[in-house]
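J.: Protein sequences, first through last, are from chains A and B. According to our numbering, the first sequence is numbered sequentially starting from 11. According to our numbering, the second sequence is numbered sequentially starting from 1359.
Mixed in with the good hints, there may be bad ones.
[Stated by the list, open to error] Calculated from the model, a selection of chain A residues having no Cβ within reach of chain B, i.e. all distances over 12 angstroms: (1) Asp-13; (2) Ser-55; (3) Glu-58; (4) Lys-61; (5) Leu-81; (6) Leu-91; (7) Glu-100; (8) Arg-124; (9) Thr-126; (10) Ala-128; (11) Glu-135; (12) Gly-137; (13) Thr-148; (14) Lys-165.
[To be verified] With a cut-off of at most 27 angstroms between alpha-carbon atoms, the simulated DSS-like pairs for lysine-lysine come out as follows: (15) B:Lys-2099 - A:Lys-101; (16) A:Lys-132 - A:Lys-112; (17) A:Lys-112 - B:Lys-1621; (18) B:Lys-2070 - A:Lys-101; (19) B:Lys-2070 - A:Lys-94; (20) A:Lys-101 - B:Lys-2104; (21) A:Lys-101 - B:Lys-1621.
Just so you know, the hints here were simulated from the structure itself, not pulled from any lab data. All of these numbers come straight from a predicted model, not from anything done at the bench. All residues carry an ideal CB built from backbone N, CA and C; glycine is no exception.
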Amino acid sequence: MSDKLQDIINKQQDQIAPGEENLDNVVQLVGFIIGEEEFSVPILSIQEIIKPIEWTRVPRTPGYVLGVFNLRGTVIPLIDLRLKFGLPSEKMTENSRFIVMKNETETAGFVIDRLTEAIRLKKSEIGSAPETAMQEKTMIDGVGKQDDKILTILKVDKLLERDF
Amino acid sequence: MDEFQEILQDFLIESFELIEQLDQDLVELENTPEDLDLLNRIFRVAHTVKGASSFLNFDVLTHLTHHMEDVLNKARHGELLIDAAIMDVVLESIDLMKSLLHTIRDTSKDDGIEVEACVIRLTAITNGENPSDAAVSEAAAVIEPEPVVEEAEAEDELDYANMSDDDVDAEIQRLLEERQAADKAKREAKIAAGEDVPNMPEAEAQEPKAEEIPVEEPAAAAPPPPPPPAAPVANAAAPKAEKKATPAPVATTVEQTIRVDVKRLDHLMNLIGELVLGKNRLIKINDDVEERYEGEEFLEELNQVVSIVSLVTTDLQIAVMKTRMLPIGKVFNKFPRMIRDLSRELGKKIELEISGEETELDKSIVEEIGDPLVHIIRNSCDHGVESIERRIESGKPETGIIGLKAYNEGNHIVIQITDDGAGMDPDRLKMIAIDKGVITEKEADIMGDKEAFGLIFRPGFSTAAAVTNVSGRGVGMDVVKTNIEKLNGIIDIESELGKGTVMKLKIPLTLAIIQALLVGVQEEYYAIPLASVLETVRIGKEEIYTVENRSVMRLRDEVLSLVHIADIFEVEHVFDTSEHAYVVVLGLAETKIGLIVDSLVGQEEIVIKSMGEYLQGMEGIAGATIRGDGGVTLIVDVAALMSMAKTIKSSVSSENSSGSGASREKTQPSDYKVMIIDDSKTDRKIMSLALKPLGITLVEATDGVEALNILKSGEHQFDALLIDIEMPRMDGYTLASEIKKYNKYKNLPLIAVTSRTGKADRMRGVESGMVEYITKPYSPDYLQNVVKRNIKFSFSEESA
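Chain B with its partners taken away, still in its complex shape:
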């Protein structure tokens, strides 16, 4: 049973590999129906699948592939010209074959799929296209040498690598003779059937050349059967002798490969991740040591080791990443077929130009990118490229061209989809969006062209007047957006009315280890995937405007909505009085947003770690990473952040009106908290009594050290501090300057209450960060007023 499973696995892997190339070949075949190389390749797929499936007892699959083989065999012998109608049937049968293979993969059985209808059609083609008179005998005559050909093919796959030169020569000789005999028989049959056989001698002369190439390739014995060794034979039957001189290059590029379970690679990647963290840690420690033991000899050695380790780690990481890379051609391959089907369905003429299919991407990304591309290309076919009449009217060539191009750009891969169709009209998009209730008119007014193009990604948005098979449900492009977001990718659209549209998908090369920008807010740090960071800017506070309760800023010619990271992550923050703000401009899929942070820390390579099931899926957090100092830093989920930003009421702009440092809503007088710091019990009592009528909460501390500890413990959120200057352990000035070292207390009003009245004392108070200076003795009313003013007390005393 196990052995069977193993064979089955091999069979499936091989079949899927074969099929991948098949679609493209078939579409190409339709354009050049006489290309024998292609025909042979396709035939071989059907043949291989048939052979293996009959061995594995998949009767339905065998039945189907057998009939496909019949049709293709006729075609490659020049008895059948593949036209669009026949191609439809062939493609249908290939689809059936695929679904059969999928069924086999999932259930190890090949039942449940109806193939009979297709088989009948295939048979009809095999029979119906035959000339009724001489053809029957001709067909018989031609098919007769077939076993010989196949036998020769089988022999072709001998292990040439193990042969000596002499043996190879002998083998070539033998094969040649065999071929020539076969050819002769065939030719005779043709002549008997009254056909003209041109270029005979030339074809023969070319044969050795064509034969030698696969023989010299030692890897020819590798699993994918080397395509057409049978080409010369078939070529003799077709009037396309010149094609022969260039045997399919595919055979010569077979590489030495080894199949590895993806799980093992994943495990390797995880280990590398740990190594990268270790490297970061090492670098940090190295820096610390350098600082401490400056000038010591061993430092240089340590430095060297650290740089070697970090260099090798980086190389190792790249090397392992490369093992997971697949050419994007794997995805691109299915599009020629799709375009063909779509253009037939839509009655348009569309050509697909693919380039850069050798560009490589991480396997997990290759798997995710297929769906979005399907939707984008469908969209380009349906909405982009105009109908033939429209194109002629506007003076364009009949055939629309869709370009699919992949290339590398830094740490990203860019996939560019272009069409030379109608282009998009931003105003029309806005109108439709308003009609469908996707946006409001006000939103539309402030929208730039690029943002308007972005509307096509909104769920429920469609410009199609009617729902067709191809589009119009307003779902497809939404899928594009979600998938690209998942990959931390960016979508960029450029479109010119009447000229066409260019859509660029920018996707990071890998997902597990990423470059991140570290930002700070108060005492917390967050890591933002650098892939999503477009730029960082420093702006003046006056550059922040408010539109519809949203903070926005103008970035060059765009309007960027702003959100403070503290609002997203519920950091209790105080607005610092500085004139400037740091804005990290984030881009994801087609949207942009400005994230205001307190500080920019720097760039670091981070490894994404899960936070365990307990904390999985916390909104806005993509995971955590361990920093060089051993601390944990959370990684921002940019996609979630963007959607959160829409619902969060920004405090960025309301800052000026409310002003106060306290971030919590005050609903009653006791929500206000003031700390009294004085070493004299009597003085504390006096202050308490004076403030009691206000109904605010009071906390007492006996000196600076105690006050600082209370503050640091975070148990209380103070609105103001009343500080005596003369105190044991830590005096008022020192306390004030200590407090002001904390970012979050920058706006906390510190009020000095003292008997020192000298001008110098007042100056020192201001220097250390005091906002008010009350001299003892004072009247209770005066104290109340000062406190009320500083905590922005909004309740009248009656209510208290």
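Chain A on its own, in the form it takes in the complex:
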């Protein structure tokens, strides 16, 4: 009897152990498309993803700040990532979503063209951001290689930073 029990416990530990190891080395990301390119942000920085709802324009802001919207009683800024990345504005479609991202201090909604999938990437598969002249200002955290495509991982803190 006690042998059996021990067996089960051992088995359970075996099951848990590899998972833990994985968690340390794996980053979970949510991928989405803006324009032609696929981007992603860590799943833990996402509060929720909602379908587009009505928003109110806030005057005297840069074009990419669409305004504010009501997320169950909280007023949250809405930012169009197309415009933020310098792409031409496009009408929202069936596939458009608001991704609500947050860090310790700030929460904001971001308009994206469409979602792709949740992605698990091993840390070893993520390369550093390409060197640019403005290392300080870059919004890119790293570049993930997956099968045959390349995935840009964005810095959420940078996205949530007011830059006007």
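Given chain A, work out where chain B should sit, using these hints.
T.: Just chain B now, with coordinates in the frame of chain A:
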């Protein structure tokens, strides 16, 4: 350590509370130096602070208060008459005590402040004023019974509430005996010193009465030590027996209170805010449901619930607001002292009359209102009240009177500061303002008296010839303005030359939940705090004048500058052709402005929500609120709007000259955009070719539905539309009337291009909002001319 901190906290709270009352008492004392009640109260403060600080090892503070106590003790025993010179020293020592307490609060230490000089002066008073002969022994004799008195005081603070009636009686008896013994000893000492002690029996007879009152008050054990139970004792030593019959009423009004952390109240207020939003939402839904299920039975029940919820919410909100209310007396208390100091400094005689100090205000506002009042009162003392000679010359009483009065008026509290001084001369103010470059001469010309009075709030403006300690830097009144603006308050000045000035500060009772006026501009809505709205008027367009590139209107006997809300908030607007405009007259601090809006929606209770750090501090926006329908409406920051209005070039008046609906500057032909709507590809081609030489941008649509969608998407700003009448899905007439439903397209020229030539067809075209009617076939030149005329094309073809 924690325990020490806790004691320290209690000590500080108690001390600050005591001190608050102190200033006023001291000034009063100077007028009635023999008022023993007052003296005792003051003495007690010094004594309490001394006791606690020695326990907490604040040596400097103990040292100082000990010497203060000495002086005050002498005074209350009638050995020292407090005159202005002594009072100066006493006040100085009180100030030192305050700063020591502040230091303790900030650093938990009481070093860093030099008190020795003051202590020496205090000692000098204690010694110097003593008669050299019998007094020494007298003083000794008088001070000797002191411990007894204090012991009795300590016993006074027994918990009477827990005693049975018999016990209380016994206690009274015991105390009486104690007192009488003490009195006797004292009297004997006095007699020994050769003093006349009048009214003895009477004083004794009065004692029980005076004693009973504090005993009967069960709350006497509450933290603020009940003022003068020792009064009878002291009174016996002073020739003011009649005062005794009315023991300080303060002791009897001690209320049952509980200390609550302000954070908790703030949190409660936030929750109420959410509730108010929920209530608004509920009311809106109730209205919708009513419309849809008219006559159904459950409606009545729903109605009842909704009205109860909304009623209770309102009551709850008021109740919570009240918990945050403080009497404005807390602020007023410091002014008697200030007036005293100022009148000595300025060599004027000024009296302060305070009324309405029990009027209550939200705590956050009470904290903000102090500074502006200080500046206003300083200003009244310095510029308002004249010097004694001047006052006598003009036949006024020597003593100038400054009145400070608070009262409620609707959802506002009004603080009124009056003086019977020289009053203000609007013409002189204007002259000075021009001299100092604050305004131009032209501005001065159109200024009314009230606006001229408002000049004193401009930064850099001062009428004082020289900078003095009190005023002349042109800063103070600017502070007043900024602080009052922060509170969404209004300043109103009335002044009569030679008679005096009345300044009214009108401040909303609370800041978190406010009444707002909702206004519309195009398809957007904005909420304006109702506190800043003076009135709304509907005026004809012809009532708008232009002065120095600014739009103004005449409102009764005032000139009001105007600004369109669309210019402030960059709303792309088209001037509608209607004859009328709605003007919301905004007042803040001392300025007024007229804000032109497209529509007035109504009044609503709103809760101010932050827009997060990302959008914080956007100019002109004070925050956002969530409306009953779940949408977000932005709240106008009236103060910012007013300063923005100064720099924004108004389009209100230029409307007639430029006329066109397009609001963007056109710098090249391709900035003009025209949409061609026709189901036939050939026709579209013909039109495009005809218009090509103009160099304008063309967009094509194949039917009404598509055209409408393009228009709604807002991607393009069209200057004109060319519409075919015969089209599948949606014909030209329907399209035109759909477009005209939008406010912002009211002025968009719609040109019909059609083969229908009947008179009835033309009529229908006009009815649906077409401005021109071109019949096919047409010459390219004709089409060009019509389009050019309608889009107000300002480039010659050569340049295109």
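J.: Of all the hints given earlier, name the ones this structure violates by number, lowest first.
T.: 5, 7, 21
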